[in-house]
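Undergrad: In case you want the letters, here they are:
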Amino acid sequence: MSRISPELIARLFDRHAAALELFAAQWIPAPADVVQEAFLKLVRQGRVPDRPAAWLYRVVRNGAISAARRDARRQRNEQTAIGLSRLRLEADGENPLDAELAARALEALPDEKREVVVARIWGGLTFEEIAEFADISSSEAHRRYEAALAILRKSLGVTWLTKTAATKR
Amino acid sequence: MVDENSSHQEISGEEIEDRSELERALALLKPSASSIDRDSFLFLAGRASAQSVRPGGSFRQWMWPAATLLSSVAAAVLSVILVTRPQPAAAPVDMRTAKATEVTPGVSVATAEPSSAGETQSDSSTATQDQELAMAPPSRDEAARELASGTNYPRLRSYVLAYGVDALPEPAPIRAQSLDSIRDEPRTQRELLRALLQDRAAVKTSTHSAG
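Protein chains in written order, with the working numbering: chain V, 1 to 169; chain B, 1 to 211.
Derived from the structure by calculation, the hints contain no laboratory data. Any given hint might turn out to be false.
As the list claims (entries may be wrong) - Under the rule of at most 16 Å between Cα atoms (straight-line distance), these lysine to aspartate or glutamate pairs were calculated in the EDC-like manner: (1) B:Lys-30 - V:Glu-100; (2) V:Lys-154 - V:Glu-107; (3) B:Lys-30 - V:Asp-92; (4) B:Lys-30 - V:Asp-98; (5) B:Lys-30 - V:Glu-94; (6) V:Lys-154 - B:Glu-21; (7) V:Lys-154 - V:Asp-98; (8) B:Lys-30 - V:Glu-90; (9) B:Lys-30 - V:Asp-14; (10) V:Lys-154 - B:Glu-23.
Source: prediction; values computed, not measured.
Whenever a hint applies, use it, and build me the whole structure from the sequences.
TA: See below:
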């Protein structure tokens, strides 16, 4: 392991901060604190882990789950009152998918499948890295990812097919 | 929640193509920008980095917990020793009560509790008793003798502490010198010198006469 440098921290932050917030938002409504604390923990550690991204996802996951357990009742009340999706996605003009619908479809996934999809698609992690933070085998991570995509395809199917057909025409 | 059994069905080629398109479409959706202020975060990161590499940082961090742990362990060990230590064979003698229990003069009042029959005293308890006997107040006669001789001051002191100053026997009266003897003694240096010379002359004459 090499020493942490400011350049590495800045690069990791630029690459993963937003995805990590999306990842942590699966469990808590205000994920910024958990994500920032994970980065600061990495800095305090002084050494770069073998897989920094997987390390960050593991720390954020543990922190978010702990925070969710701590504030379970409060979160449930807030979420019921607001009625909005916690996963915030933004679409550009050319995307055939509706961001809000995709977020709701993601939220409908089981936890263990959703975290794999978020880490793979928006975090850019390999299945080995996903396996590391989720304490599963890489083949199990791959299996969960495939299963999650199948569910998403089915739940987003109508919109997806309609928009794709419209684009092809 | 969507039915998960669908994932276990056979996957057709069209479905695989749909999935890869779905992946691409999902990847085009961007997570909302981070709500963490980048500059303030980098400032905090720099400060945390400086704190983590500060010399003696870990020592300072662990010094007080270690000291607390050490003293707690020491207190626990001492408490255990205090609770489990063996009782002394003979109870210490209280001097004030010893005075009350003194029956006959001449017998030391530092009588320890009689040991039970068949019980052997350890060396340490014997040594303790010897010490107590040495420090025990003497009887009135012994005190008078020690006062006259001026020896064994600790025993005399313990007598005074036990019975008070008034209990001390009367000291031997100072013998008054006769006026004649006082008169014969030289009072000045010249008289002393003269007396010495006279003594010396007397010694010489006696030796000459003897020779």
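Undergrad: Broken hints, numbered, in rising order?
TA: none
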